[in-house]
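Trainee: One letter stands for each residue in the lines below.
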Amino acid sequence: MIRFVFLALFARPLARFMTGADVIGAEHLPKTGPAIIAANHNSHVDTLLLLTMFPVRLLPLLRPAAAADYFLRGPLISWFSRVVVGIVPVERTRAGSGGDVLAPMREALAAGDIVILFPEGTRGDASDEMGEMKTGVARLAAEAPHVPVIPVWIEGAGRVLPKGAGIPVPMNCTVLIGEPLAWTGERLGFMAALRERLMALKAQAPPQRWS
Amino acid sequence: MTLPPFFAATPFNQIAPPLFWGMAGVLVLLILGTAVALALPLLQPAKDHVNLRQRMASWWVMAALVGAALVFGWVATLILFGVISFIALREFLSLAPLRREDRLVILLAYLVIPANYGLLAANRYGIYLVFIPVWAFLVAPFILAVIGQTRAYLSTAAIFNWGLMACVYNIGFAAYLARTPLAQAPQAGGAGLVFFLLLATEANDVAQYVWGKLIGRHKIMPKVSPNKTWEGFLGGWATTALIIWFVGPYFLPIAGWPLAVVAASLPLAGFAGDVTMSAIKRDLGVKDTSRNIPGHGGVLDRIDSLTFAAPLYFHLIIFFAFSRLPWP
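So the sequences go chain by chain: A and B. So for the first sequence, this note's numbering puts the first residue at 1; every next one is plus one. So for the second sequence, this note's numbering puts the first residue at 1; every next one is plus one.
Think of the hints as simulated: they come from the structure by calculation, not from any bench. These numbers come from a predicted model, not from an experiment. For each residue, glycine too, the CB sits at the ideal point set by N, CA and C. It cannot be assumed that every hint is accurate.
[As the list claims (entries may be wrong)] Pulled a few chain A residues facing chain B out of the computed Cβ check, cut under 10 Å: (1) Gly20; (2) Val169; (3) Asn172; (4) Cys173; (5) Trp210; (6) Ser211.
[Claimed, not checked] Lysine-lysine pairs mimicking DSS-like chemistry, simulated, CA-CA at most 30 Å apart: (7) B:Lys213 - B:Lys47; (8) A:Lys134 - A:Lys31; (9) B:Lys213 - B:Lys287; (10) B:Lys213 - A:Lys31; (11) B:Lys223 - A:Lys202; (12) A:Lys202 - A:Lys163; (13) B:Lys213 - A:Lys202.
Here chain A stands alone, though its shape is the one from the complex:
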């Protein structure tokens, strides 16, 4: 309830005010879960935009994957992240230690949720380049090949609230949604296809970037 009120009545107008919230390709958004949204990442505004571009009835299904070490520090941020944003915590510090980092996302998908993923793993510096993508998204897709992976390019969010900045500055952003990507049968090929899709979306974006 708190989450619904916050997202529908506060986050939506806020996203409109700060970014204009233009969406291109909304017809490619999943109509139901489970699904994976794979987007580029430069700002917390990315999550705000991705949580507010869906029809209201899908709000309960949206679960942004977020770093546990960052979003579960301190009780207030932790409460906000879990209850309001509805994150799926990712223990990225345990990656490579043999632990199953992807388990919470797998569970969310099994429950029929729409998991929002930033394959770069962290926020970039809002330059024109996208960082190297981690292969977790490919591993999730391999385990559940029926789950569509929807590539999303977000243009301009890194200028509204870049990493390290405290004060957001309103600037127009555009969210470009591509056609769902199916599991290609092989991890590297899938990651290459995803990057290609994202680059194609980026090429269509208006020049809402630093010169």
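Got chain A; can you put chain B on it based on the hints?
Mentor: Chain B only, in chain A's frame:
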């Protein structure tokens, strides 16, 4: 003329008859346009009419917002135009080639908007006249210099000055007309002056478009605006001039040759604003400034003509009609 009781029972009773009938006329046009937008898919099922339908839906929203603001008075009108200025400036600064270091100046540029409209609300016309053209013009480049990024320094300063002048200062004139004392514009008051400016400017946009579609052959500015034709330009000019000449006396405190000057020049200013913004968009490599108004594009696409027409209309009216300025 007595207004219907619903209007008489509320502050609505202050609506001047020309404004009431003008709004009624717009309502009729909206209904006709919507009927066409709904009928065309039945007559020509093969073609895609989504854009026309979106366009008409957006016209309803825009007309309702403007109509409500004018009815609620000059404070509501100033607020509406302030919001329009903000969205237009946000679109402009988001597409213009600014640099990472300019974030602070972008934030300050937005703060100019409440200051600009605040001066109008405080009736400080004299300060308003110089606030953006002199003070923002000087302060923005100074802050840019203090920040210290000299790459593309001059063009960056120009971007801020152009954006503030076009999106904020010039649009402010349209809003300020709403404060005209009734004695200065007895025909339909300040709200009537604003209404007629918007009516003439939008009629010019639509008439140019329609004439161009009907008989347009010879391109007028192929490098800037390939869809614009001489036929559309001249047809729109004549149509708008006739509207101003025949409808103007119900709204404007001018007649005779001063009205003829407004009728002849306002459509030219609208056209100039349109192609100037087109040149900017072509330079930036975009067709629309955003998608915030479904079917139309961005707010700046919608008000491009107004950025030129508003100051011209304002200054012609105070030159011809106001023996002395009604504002300090």
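Trainee: Give a verdict on every hint.
Mentor: Okay, the hints, checked on the actual structure:
The criterion of a C-beta within 10 Å of any C-beta in chain B is met by Gly20 (chain A), whose closest approach is roughly 5 Å, and the hint holds. Residue-level restraint check for Val169 (chain A) holds (minimum Cβ-Cβ distance to chain B is 5 Å; threshold 10 Å). Interface hint at Asn172 (chain A): satisfied, since its Cβ lies 4 Å from the closest Cβ of chain B, which is below the 10 Å cut-off. This hint holds: Cys173 (chain A) has a C-beta 8 Å from the nearest C-beta of chain B, less than the 10 Å allowed.
Evaluation of the Trp210 (chain A) hint against chain B yields a held restraint, the C-beta minimum of about 5 Å falling below 10 Å. Evaluation of the Ser211 (chain A) hint against chain B yields a held restraint, the C-beta minimum of about 4 Å falling below 10 Å. Taking the CA atoms of Lys213 (chain B) and Lys47 (chain B), the gap is about 16 Å. The hint holds against a cut of 30 Å. The suggested pairing of Lys134 (chain A) with Lys31 (chain A) holds, with an alpha-carbon distance near 27 Å, which does not exceed 30 Å.
Note on Lys213 (chain B) and Lys287 (chain B): the hinted pairing holds, with a Cα-Cα distance of about 19 Å set against a maximum of 30 Å. Between Lys213 (chain B) and Lys31 (chain A), the direct Cα distance comes to roughly 39 Å. Violation of the 30 Å bound is thereby established for this hinted pair. The hinted pair formed by Lys223 (chain B) and Lys202 (chain A) meets the criterion: a straight-line CA distance of about 27 Å does not exceed 30 Å. At most 30 Å may separate the alpha-carbon atoms for a hinted pair to count; Lys202 (chain A) and Lys163 (chain A) meet this at roughly 20 Å.
A threshold of 30 Å between alpha carbons decides the hint, and for Lys213 (chain B) with Lys202 (chain A) the separation of about 34 Å lies outside it, so the pair is violated.
Checked against the numbered hints listed earlier, the structure breaks hints 10, 13; every other hint is satisfied.
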